[in-house]
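Visitor: Chain by chain, the residues run as shown.
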Amino acid sequence: MALTREEVAHIAELAHLELSADALALYQEQLSAILDYAASLQALDTTAIPPTATVAPLHTVLRDDTQDGDIAESALSLEAVLRNAPTVFEDCFLAPPLR
Amino acid sequence: MDTLYDLTVHAALSRLNAGEISSLDLTQALLARIQAVENNVCAYLRVLEEDALKQARYADQRRAEGDLSPLLGIPIALKDTFSTKGVETTCGSQILRGYIPPFDATVVRRLKDAGAVILGKTNQDEFAMGSSTENSGFFPTHNPWDLTRVPGGSSGGSAAAVAAGEALAALGTDTGGSVRQPASLCGLVGVRPTYGRCSRYGLIAFASSLDQPGPLARTVADAALLLQVIAGHDPRDGTSWPDAVPDYLAALRADVRGLRIGVPKEYFVTGVQPDVEKAVRDALNVLQNMGAELVEVTLPHSEYALPVYYLIAPAEASANLARFDGMRYGLRKEGATIEEMYARTRGAGFGPEVIRRIMLGTYALSAGYYDAYYLKAQQVRTLIKSDFDRAFEQVDVIIGPTSPVTAFRLGERTANPLEMYLADIFTLSQALAGIPALSLPCGCDAQGLPIGLQIAAPALHEVRMFQVAYAYEQATTWHTRRPPL
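Residue numbers (our numbering), protein chains in the order written: chain A, 2 to 100; chain B, 9 to 493.
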């Protein structure tokens, strides 16, 4: 399953990764090799097999909607939330224009 | 006093409780050891010297007041995947350089409540993606048994720190073998608990359906004690098990009579280093001589664990790592538009293995390929899990090698990503099935490098796994070897 250069560039765009032409060439080769390896799965007939998304004892987890519970109490302050941001303006994260 | 750094956690606790040493003595001995060997081992991303001394003094004060918390005054290292309040946490990535979490991970809070002294944050493969710690965004870590070799990964810094006497024990995270494989390569006990046994809250996420924190220690009893402290339900993690945590230490009886040990033929295949196979076979004989019954079992889909893992884990990673966008924390490279800023930030901040996996995952989840890759991998994950369900109808535990090889040389596997992935070939299927497994020392190769034995048990049956590991450990001396550092 060889990926084309265009496909690799498209994946990088979908994943929001700016990559050099050299890097794209390297990932084209490496990702193709990994996908070739993964192709062994196609040999298995899985028509009647349900997928496993998680092995957790998953059921909807609910808790009391309370203001004084442990979780609500530990909500972060605005200052704590903004402290690690590279750029802030007043109480907001600052982003460049959409386009 | 100069070998305090070599103590097991249990031995240190006995001496602390007897008043023979203080936590300050112990912590100072560890800090001196770090000073002496860290330049060669490079296990830590940051050592918290002042803070550790402060915690040690506080622990001594608590002990004087009659406090008997289970890890009171014990110096421990944390992988940099764990969020630590007020302490820089990078997950081994340049993209998180300078990030200071405003909260502690639940397991970190539990360690602190139990009185542990946090020595520092250890090196790792970036975002826990790797098997050698060479994918760290900062520097590689060296194996204390041979400084030209890797410590394994991704929790390689934690493993190297404990093996080198730079911590009495450590926490790592295991997504596909990242605690067990470095434990094997560094001659330690490393535990991957049942998925959901420990809270993932505050772990920087890699693959959410697989990530689990776990201890690295010098003995089974030390590892069991650490797990006892960190395990348990957490309302902040909806996937954590609500069941009560059993008493792991009470289960440590050196008795395996009547236990049935499954030996999967798929774990003894070409590609396994001959002295690794021999050490594992010898270990099985030891257990048989102690009264356990060996039963050949089959896990027919084992060979598919690697491709399944390398589709599912990158798919989940591509979603989890979308949060690193230059907005809320970490690196930012400016751009004229928001999309340009995203792409520049992420292209510059992530290392090559992380980019590879994000791209692989993005592809596996993309329109037109989702069914062929991601869904297919999830279906085969069901088959892998069913293999274990069937095997555990016949046997109590399953034993095989942890890693097909002993520690390899730095740089030996970095050119070809697939070759690096093969280092995890025996640790992926337990993670996919969500069952607990541990690695413990069971021998050494011709160069004296440690070999690890892997013991897996059904979900939530850590007790059984610890019991077999403890019995083997009591009958052998491999756990007493120390690296010639």
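None of these hints come from the bench; they were simulated from the model.
Please read these numbers as outputs of a predicted model, since none were measured by experiment.
Note that the Cβ used here is the ideal one computed from N, Cα and C, for glycine as well.
Treat the hints loosely; a few may be bogus.
Going by beta-carbon spacing under 10 angstroms, a handful of chain A positions derived as facing chain B [what the hints assert, rightly or not]:
id : residue
1  : A3
2  : T5
3  : A13
4  : L15
5  : H17
6  : A22
7  : A26
8  : Q43
9  : I50
10 : V56
11 : S78
12 : L95
13 : R100
Visitor: Taking the hints in turn, state whether each one holds.
Guide: How the hints compare with the structure:
1. A3: Violated, about 13 angstroms.
2. T5: violated (12 angstroms)
3. A13: A13 (chain A) check passes; min Cβ-Cβ to chain B is 7 angstroms, inside 10 angstroms.
4. L15: holds (5 angstroms)
5. H17: holds (4 angstroms)
6. A22: violated (13 angstroms)
7. A26: At 13 angstroms from the nearest chain B Cβ, A26 (chain A) fails the 10 angstroms test, so the hint is violated.
8. Q43: With Cβ-Cβ at 7 angstroms, under 10 angstroms, it holds.
9. I50: Where the cut-off is 10 angstroms and the nearest Cβ of chain B is about 4 angstroms from I50 (chain A), the hint holds.
10. V56: Holds, about 3 angstroms.
11. S78: holds (8 angstroms)
12. L95: holds (8 angstroms)
13. R100: holds (5 angstroms)
In summary, the numbered hints that this structure violates are 1, 2, 6, 7.
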